[in-house]
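Colleague: Two independent chains are provided; combine them into the complex using the hints.
In order, the protein sequence lines correspond to chains A and B. Residue numbering for the first sequence follows my numbering, starting at 55 and increasing by one per position. Residue numbering for the second sequence follows my numbering, starting at 7 and increasing by one per position.
Since the hints were derived computationally from the structure, they do not count as laboratory data. From a predicted model like this one, the values you see are computed outputs, not experimental measurements. A virtual CB, placed ideally from N, CA and C, is assigned to each residue, including glycine. Please note: incorrect hints may appear among the correct ones.
Result set (PhoX-like, lysine-lysine): computed pairs, CA atoms no more than 20 Å apart in a straight line [claimed, not checked]: (1) K30(B) - K86(B); (2) K500(A) - K151(A); (3) K353(B) - K203(A); (4) K283(B) - K207(A); (5) K86(B) - K140(B); (6) K340(B) - K283(B).
Residues from chain B that face chain A, not an exhaustive set, calculated with beta carbons under 7 Å [unchecked claim]: (7) P374; (8) F385; (9) L386; (10) I389; (11) N390; (12) V397; (13) L405; (14) I408; (15) F412; (16) I416; (17) F420; (18) P453; (19) N454; (20) L457.
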Amino acid sequence: METIALLLILFAFAVMGLFVPIRYGNRFAFISSLIVFAYSLYLFLTFPISAEYQYVADYSWVQSLGIHFKVGIDGISILLVMLTTFLTPLIIFSVRKSEPRPRAFYSLILFMEMALIGVFVSMDGFLFYIFWEIALIPIYFICLLWGGKDRVKITLKFFIYTIAGSLFMLVALIYLYLHTPAQHSFDISALYAAGKSLDPHAQSILFWFFFLAFGIKMPVFPLHTWQPDTYTDAPTQGTMMLSGIMLKMGIYGLIRWMIPMLPQGLAQNAECMLWLAVAGIIYAGIIAFTQKDMKRLFAYSSIAHVGLIAAGIFAFNGQGLQGGIIQMLSHGINVVGLFFIIDIIQSRTGTRNIPSLGGIRLKAPYLATVFAIIMLGAIALPLTDGFPGEFLLISGVFKFNNIAGAVAGFTIIIGAVYMLRTYQNSMLGETSVETDNFTDLTMTEKTVLIPIVIMVILIGVWPNLFLKVSEPAIMKLLSGI
Amino acid sequence: MNTLLILSALGVIALFAEIFRFRKGLFPLILLGLAAAFIFTANQYNHPHVFFGMMNFDNYAVIFSCSILVIAFLWFMMAKNYFLQETSVTDHFSLILFSLVGAVVMVSFSNLTMLFLGIEILSVSVYVLAASDKSNVMSNESGFKYFLMGSFATGFLLFGITLIYGVTGSFDLATIHTQLTTTNEKGLVLAGILLLLVGLSFKSSLAPFHFWAPDVYEGAPTTVTTYMATVVKTAAFAAFFRLFSTCFTAAGNWSDILWWMVVLTLFIGNVSAVRQKSLKRLLAYSSVAHAGYIAIAIVSMSATSASAIFYYTLTYSISSITAFTILFIVSRYKGSKDISAFEGMSKANPLLAFAMTVAMLSLAGIPPTAGFFAKYYVFLTAINHGNTLLVLLAVIAALIGIYYYFRVIIAMYFKPEQQLVPIQVGPLHRTVLIITTVLTLLLGLFPNLVLGWI
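Isolated chain B (complex conformation) (with noise of 0.2 Å):
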């Protein structure tokens, strides 16, 4: 509860921050406050509460919040200096704050109404931010599409909650999972299941409702599109499996459907990325490609899912965290998204390239990085649960996805150079390149680290 009381009072100080003209301080305010709220939740570990019986903040809920506030504290050192060069830098800043508020529901609701709440306060704020590039027509059409397209899964995630209160009598998670298994009305049962089926693949992008991630990230700021694929991304997941694997485990074939769009989305998204210019557009895909890696482990519902989810997430935010960053740089020094743009960069930045490098290798799955790690995991709990060839699947599509950011990696250091300027990295980007290049090693060495913990 701290860690909302906190996030919602930031919040509320940015939008005085541009009232009461202390903008410059806010910076240092968001960064303590956010470090404030993840000593608040991480204390609350082991020590599980239950707030009326709407939010449960039991070990799940505050891992994946720390994670969360990890990988916003890395984001808005990233985003800090683009927002500045905008006039309303508070707002922008407050609507974010909020949308952690959303993120962090969504990890800890233990009552349907407080998903749907978690999900919209979440949204709401990110349509705003992809369209808050008001002059770029991209940007509008970004925040507009996703926004409709949005509201539609919200309709169905809304009809989905209310069939299962129409069987079950309730909204909260243990009272349906208990009457579910007595229940007489599975077919009831299974049209509500999946319409949140629905809604939450659309919310993390995987196919067929993943349509509109490649044009909405491509539209949106850089930076936006950064929380897209990182807050965002781990918040749906875990909302999906925390509601999947609290209610539904004992219901419906759902497994088997989510089964074949797990393969849809891993051969789109990475079939797809392969033949992209731009290297935004590449990354959005390759977000969807990952969402079908992730989703292998709710398909796979075992004891370790939840650990593989959690790892799998955190260590796909931390590296997308890089391989964004270095886009931003790149895209405002050169004016260009494209692979090209990239072109000669490890004559002129070498440890730029390197970071890259490292980015790009985790992305793929290769060792030592932490992405190896999370594919890895993720296979297991897959191939214990008996879905060995869905694994055979995803390692085909993670071929696939090999060739592609290869592309990037080629690029850098074959490429003869167009010039050889170093771009010019300033101070925060630079520590957050050096934070998540370490970690992203780091973790790829040493899983322990945070596997011990779910």
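Here chain A stands alone, though its shape is the one from the complex (with noise of 0.2 Å):
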């Protein structure tokens, strides 16, 4: 009941912002994303440190096709649950005043975040993908409305893209539910052994469906080439939206779903999946280097620090999982801190070009010691979010094979390069004409960024907060197969 309770105030809230006042749209969507937030870290204080399903709620949906409406949170949704509502209060927040953003665009993102969080609760297959259908058109709207000049192309590009990856997961999921026992279901544990009860050949191929949605979703290399477009054109809070949340959605398919269902077709492709892995965060990695629109730098990044996480994933033990777990989180908060940051500079300088940036330091004290902050745990320095993630990664792209795990290791030094010489350039050296009359954080933008930093100590401190919630669950997960 509990789960449904999150969905449904959620859904309220977002039909009901579409007819408040005007100007308070923005506080009335700020709110409810609080009210939400706390009614779910009441969840996650509560929760019970074990392997099975909590709050679990089963109602028949479509009874002659075995639908059921079947949702649930365990160890590993309720950390995804966390960082989605987490997040949402800090992105609507972090809409500036100068720039407002009428009703239906919080109705919008408000509406994506049940969507957000029907994804990460579903225990039914077929719930599950209209949750993960249902999430896109938010996000598709909110780009097309507020996006930057090439919008319509490249929004169009993204849906495309990432509806015809589902697509071909639907039919992988059609496939699977025909092979449940008589009276066909898409309960998670039917699809699981109906999965399981094909021949390696079979496995291997819907692997690859189910690849292409997850994928696509991710992104991973070489299916990523709608993301740095939509990233940099999408207006800040949709990037923060796409970036730091609903990428978590392919992670997630592919741990819940694709994995576990399919261990046979994991087993087959492991190899080509982990070098595939491993080919993109060198090949975005480079690309990164290379960048000088900010925007775009991290969105190659991000491509980057998601081909770690799937390559752990991949490699599918304790720690691989583990760490990508724990990695989603970090990654999905410092990438939110990030791109708000790019925001706060565009909006004081115009630009977002580097070279054209420095010495933003002598201006802005704040700002800067709240980027290096973020930025380091980006790069994954010991005591931030980032480095029990990518530490418990590469231990487990280590254990799979040693020369990957040898060569995601070092890609992270090509992370604190790029990541390293952007710092220096924009915060660093002399001013330039447009940082000239650069303003420091205001009360606003500081509310945004620091419960990000507070997050980003914690979780570098204290991993084992979040690490003990889905340990339990994980272990189940790889008993299982």
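Modeller: Written as structure tokens, this is what we have:
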């Protein structure tokens, strides 16, 4: 019931948000997302450390086809739900007063939050698919209505790309559904059993179908070509939603659906997948290295980070999976912080071009400090949030394949180089024409960035707070295969 | 039978309305009559009646008749104003009512002669209606083209019926079925089936017999186009499935041929729609493409095919009525049927734009709209039958579809507004749009509402 309450509350807020007086649009959305955060925090704090699903609700939906509205939260889901509910208020609050957004904008964000949570709590394949697709509609409109100048082409490309992947996943889901015992069912455990009963060849084919959907969403090299354009062109809040939360849908899909359903498919393709992921890390790292546009640079760095997560998950051992989960949290938090800082810089200077910046530290020490902390998190310095994740991921990959582990580890250095160089060129040195009148963080901006900084340090210092929640569920997943 | 009687009586009354001058009262009378017909038809659910071996009012017939009546009801609400401005409103209404008689016969026949009669009753009315905008060259061309091509296809249909009769000695569907299992005249049977296939493919606009569709759809008055895309299509597919599922399940390799026709239809329909400037022509091609999706369920003949076709035709018709109604309103207001006429609509008429968006999402097959579940159900039927390759091709075609449906959405939401004067929407149109939009979302979220019946 608690899970359904979470979804219903969000849906109600999203609808109500359309009717509040225009000037309260932002405040209403912010407060409603805070309420949802408080509720999910309560769920998190009272969450029993166990491998079983909690708060399960199960209603028959389309009886004749064995489709259920079945939702529940386990140790993996709760972390992603928390990530979503933690980031959404910050994203809503990050809208600047000088660029007011209409009510529909906030409603779309709340609606999307609902769909994202729906993806993370679904225990029925069909329901999962519905939420997976519904999440796409609000972000499409957010990008289309409030994006940059090439938004029409770019958002359509993004939409068709992701739908293409999803439709292949739908075909695979139907195929699995038809292999469940008579009176077919979409229940997660029935689909697991159906998938495992297939012969390795069939599993391998289905594996690729699912990989298209999840790989495009994440995105994994070579399915990433929609991503840099979309991130660059979307409004800041859209980019935050996309990179902070939405790409986690893909990773979550891998862990929750694809791998447990098709273990033989993974076994046959793991080597190939792993190298694909590692190639993606290097490729994106090198491209990020040459970017001048700050937003684009972080878009590519996001591909590199996600590539490492994917590699750790395809290695499929305890370290890899646990690392993947904790890294999802920290990547979401870092990337939202980074994109917000870019938004701050752009709103003050009118440019995101790194060479025309510089010397911001002299004018805005707060901003420079916050930027440094979040960026060190992204580089994965010990005691920041990136470190436990990357450490576990690389050791997971290393266990699976020494060479791949070594190459993946090497990429951290590439990441550190371009990140630090960006920092140096934008924050240090002499001020330029653009940064001469730079003002420091306002109260609003601090409100968004301080929780992020706290989380960066909290996860870095005390990762076990989160790792211990997901551990039983991960162990169950591993033992089930 | 009551359904047929009520509809025919209504048609006759509509003719008299001109003589006795009660045009004003005619419209509510028709709506009442349709509602009465609906109630009588729905009452026959689970009480199958056979009429002289000619018609079998089983649940399949009842469900499809109900669906046709609901769509016709919505259609009348949408088309009222258009026809009221014409001088011969009553003729048009009676033509539509008679064609509904044909549609009901088409979904309930159990004898090939009735199939033929049903198709003719339906078609002849629609030929006339397509040309009903007398002063418009396009409309005349459309009616003429439809008539010529239609009678040609009817010829094929008759020829096919003759061959089947020659082999089995009967027009009765059940007898034909039993005779076909024992006959040795495989070649003759296949020829007959193929000729029937050609005739029915023409009516349901399956490639390569779809060439009339874009021209006829574009030329005919928008209201008539709506009728063709909804009621006619539903009836055609219901008849198609009824014939092939009762008679020819065991005979011939027609499903291999239909397989290729479906693939052709999917790609011709979707690819041709991509470059269209006129929304009406785009919807015409999209209607061809949707015929392809529906026909997937016929190729994959199995237990769920009937309900898949039912759900698909119903939801497709509902979304089409939304789309065509808005096209009708906009084209009348702006004098253009192009997609560019929709630019900036989200600013001037946000609710109209919302309704259109829901309709487009449904036609494109995006959750949570009904169009998604319809596609899903058809795909499920096909994969269950082993037609996975066909589904993969259909998925690719659906992706192309998303592109052009989204062109409409993009035009409404993105393009700089030309004028910000909101379009006035009459109360009837408003009611239609509210009903269809709510139904599209409701049926998408709770497909059980209608799936359980068939």
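Colleague: Now tell me if each hint is right for this structure.
Modeller: Quick rundown of the hints versus the structure:
Between the alpha carbons of K30(B) and K86(B) the distance comes to roughly 11 Å, so the proposed pair stays at or under 20 Å and holds. For the hint pairing K500(A) with K151(A), the CA-to-CA distance comes to about 14 Å; that is within 20 Å, so the pair holds. In summary, the hint linking K353(B) to K203(A) is supported, as the alpha carbons are separated by about 19 Å, within the 20 Å threshold. For the proposed pair K283(B) and K207(A), the alpha carbon gap of about 18 Å is at most 20 Å, so the pair holds.
Proximity of K86(B) to K140(B) is assessed by CA-CA distance (about 18 Å); at most 20 Å being required, the pair is judged to hold. For the hint pairing K340(B) with K283(B), the CA-to-CA distance comes to about 15 Å; that is within 20 Å, so the pair holds. Below 7 Å, beta-carbon pairs count as interface contacts, and P374(B) has one with chain A at about 6 Å; its hint therefore holds. Given hint, F385(B) at the interface with chain A, holds; its Cβ is 6 Å from that chain's nearest Cβ, closer than 7 Å.
Annotation: L386(B) was flagged as interfacial toward chain A, and the flag holds, the nearest CB pair being 5 Å apart, inside 7 Å. Annotation: I389(B) was flagged as interfacial toward chain A, and the flag holds, the nearest CB pair being 5 Å apart, inside 7 Å. For N390(B), the suggested interface contact is upheld, since its CB lies about 5 Å from the closest CB of chain A, less than 7 Å. Satisfaction of the interface hint for V397(B) is found here, the shortest Cβ-Cβ separation to chain A being roughly 6 Å, below the 7 Å cut-off.
The beta carbon of L405(B) is positioned within 7 Å of a beta carbon in chain A (closest approach about 5 Å), and the interface hint is therefore held. A distance limit of 7 Å between C-beta atoms decides the matter here; for I408(B) the minimum to chain A is near 6 Å, and the interface restraint holds. Residue-level restraint check for F412(B) holds (minimum Cβ-Cβ distance to chain A is 6 Å; threshold 7 Å). At a threshold of 7 Å, the smallest CB-CB gap from I416(B) to chain A is about 6 Å, leaving the interface hint in force.
The interface hint given for F420(B) holds, since its Cβ lies 6 Å from the closest Cβ of chain A, which is under the 7 Å cut-off. The restraint placing P453(B) at the interface with chain A holds, with a minimum CB-CB distance near 5 Å, inside the 7 Å limit. With a least beta-carbon distance of about 5 Å to chain A, the hint placing N454(B) at the interface is held under the 7 Å criterion. Taking 7 Å as the C-beta contact cut-off toward chain A, the hint placing L457(B) at the interface holds, the least distance being around 6 Å.
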